[in-house]
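Student: Spelled out from the first residue to the last, the chains are:
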Amino acid sequence: MSRKQLTDTELDALVVRSLSRLPVRAPSRGFSKRVMDRVQLPSPRPVRAFQRVRSWVAQPRRALALAGAYVVAATVALVIAVPWLITHSPAIGFVFNWMAARGSTLARDVAVSAARWAVSSGFAELFGSVPLKTTHVWILAFGATAAYAGCAIGLHFLLRAPREKHVPAHVQA
Amino acid sequence: MALGKDLQTLSDQEVVALARAGKDAAYRELLRRYERPVFSLIFRMVRDRALAEDLSQDTFVKVLNALDSYRPEFKFSSWVFKIANNVAIDQLRRRELDTLSLDGAPDARTKDEVAATALQAVDRTESPLAELESRELGSMIEEAIAKLRPEYRSCILLRHVEGRSYEEIAETLDLPLGTVKTYIHRARHELREYLDPYRE
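Going down the list, the sequences are from chains A and B.
In terms of my numbering, the first sequence opens at residue 34 and continues consecutively.
In terms of my numbering, the second sequence opens at residue -2 and continues consecutively.
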């Protein structure tokens, strides 16, 4: 093949082919680790929202303002509600009596229906056949108490004020 | 491990959604998918391995820390390449590295660095086709790419090395479609001119 035979078209095709054959370069080992060290992983969205609200509320001035607003609202409610209750006590008494009568009737109907269902479906017999001893009751009570205490401790840690101002990077940005 | 395999089957958008939800593995998957293409692009833009690594790191830190601002209606790859290209162009503007020495990169200090970045001259005694299609052709093309204007360089690399469509390049570089086509046409013309001495 003569040198002159390499036309513009051939040369162009050769350029394109050569470009597509260029080797893929790889960064050095540990590249991804170095990148990940500099990347701030976000917390899940609900946690971020909760942290944002908590850090906003936990500012001393805002916490004080919220507490003050709560006291004022409660005082105003009392100042309005107590005289109103006193002046409207007969009407309120009537309404309460009526509601209590309706409520007790409803509760009795529901209880009777539930009892009928329990007897007719055989659930009562099944429940009666369960060998429930005093020990079991104590274990259940202890478990329920421990679960309740665990929830309370969890809530305490969840709701306690952060020790330092914590604002996620994306909020700052 | 199972999560890693599952991630490989997901689309970029799905992996991004997992990353936004705070999945560490999703971040690593995005990094695994794009570290080589991004590094290759930046390396061919700046022609310096250490600098390319630093700029690639900056690119990924920007990308991964700003995932919340990524809009899923656009291709993720376009977004990543846009950031990579901007990082490389900024660097080229700060330091005029678009000139290339046959003796190696300007900041090559050790003997190995000089050897790694030096370009090979071609023996012109072979026939043109065999000569041009030989292993040195890659070096010649790299040399020719390094001499292109940065805008042409980005376009030609994204089109013919990364295999991106014209539309995607236009989206990536924020250029009109016609401009992209013109840049690629001119870049190929210039590359032909650089290689022209080798056919005579």
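By construction, these hints were calculated from the structure, which means they are not laboratory data.
Among these hints, one or two may not hold up.
[To be verified] Under the rule of at most 25 Å between Cα atoms (straight-line distance), these lysine to any residue pairs were calculated in the SDA-like manner:
{"no.": "1", "chain 1": "B", "residue 1": "K72", "chain 2": "A", "residue 2": "A46"}
{"no.": "2", "chain 1": "B", "residue 1": "K79", "chain 2": "A", "residue 2": "S154"}
{"no.": "3", "chain 1": "B", "residue 1": "K59", "chain 2": "A", "residue 2": "R81"}
{"no.": "4", "chain 1": "B", "residue 1": "K178", "chain 2": "A", "residue 2": "E43"}
{"no.": "5", "chain 1": "B", "residue 1": "K144", "chain 2": "B", "residue 2": "D87"}
{"no.": "6", "chain 1": "B", "residue 1": "K144", "chain 2": "A", "residue 2": "V49"}
{"no.": "7", "chain 1": "B", "residue 1": "K79", "chain 2": "A", "residue 2": "R71"}
{"no.": "8", "chain 1": "B", "residue 1": "K178", "chain 2": "A", "residue 2": "S53"}
{"no.": "9", "chain 1": "B", "residue 1": "K59", "chain 2": "A", "residue 2": "R71"}
{"no.": "10", "chain 1": "B", "residue 1": "K72", "chain 2": "A", "residue 2": "R58"}
{"no.": "11", "chain 1": "B", "residue 1": "K79", "chain 2": "A", "residue 2": "P75"}
{"no.": "12", "chain 1": "B", "residue 1": "K178", "chain 2": "B", "residue 2": "E159"}
{"no.": "13", "chain 1": "B", "residue 1": "K144", "chain 2": "A", "residue 2": "V57"}
{"no.": "14", "chain 1": "B", "residue 1": "K79", "chain 2": "A", "residue 2": "V49"}
{"no.": "15", "chain 1": "A", "residue 1": "K66", "chain 2": "B", "residue 2": "K144"}
{"no.": "16", "chain 1": "B", "residue 1": "K178", "chain 2": "A", "residue 2": "V49"}
{"no.": "17", "chain 1": "B", "residue 1": "K79", "chain 2": "B", "residue 2": "A22"}
{"no.": "18", "chain 1": "B", "residue 1": "K178", "chain 2": "A", "residue 2": "R50"}
{"no.": "19", "chain 1": "B", "residue 1": "K59", "chain 2": "A", "residue 2": "R50"}
{"no.": "20", "chain 1": "B", "residue 1": "K79", "chain 2": "A", "residue 2": "S61"}
{"no.": "21", "chain 1": "B", "residue 1": "K59", "chain 2": "A", "residue 2": "V49"}
{"no.": "22", "chain 1": "B", "residue 1": "K178", "chain 2": "A", "residue 2": "A46"}
{"no.": "23", "chain 1": "B", "residue 1": "K178", "chain 2": "A", "residue 2": "L44"}
{"no.": "24", "chain 1": "B", "residue 1": "K72", "chain 2": "A", "residue 2": "L74"}
{"no.": "25", "chain 1": "B", "residue 1": "K20", "chain 2": "A", "residue 2": "D70"}
{"no.": "26", "chain 1": "A", "residue 1": "K66", "chain 2": "B", "residue 2": "A18"}
{"no.": "27", "chain 1": "B", "residue 1": "K72", "chain 2": "B", "residue 2": "R92"}
{"no.": "28", "chain 1": "B", "residue 1": "K178", "chain 2": "A", "residue 2": "T40"}
{"no.": "29", "chain 1": "B", "residue 1": "K59", "chain 2": "A", "residue 2": "F64"}
{"no.": "30", "chain 1": "A", "residue 1": "K66", "chain 2": "B", "residue 2": "V58"}
{"no.": "31", "chain 1": "B", "residue 1": "K20", "chain 2": "A", "residue 2": "R87"}
{"no.": "32", "chain 1": "A", "residue 1": "K66", "chain 2": "B", "residue 2": "Q54"}
These numbers come from a predicted model, not from an experiment.
Student: What hints, given by number in increasing order, does this structure fail?
Tutor: The structure breaks hints 1, 2, 15, 19, 21 and 27; every other hint is satisfied.
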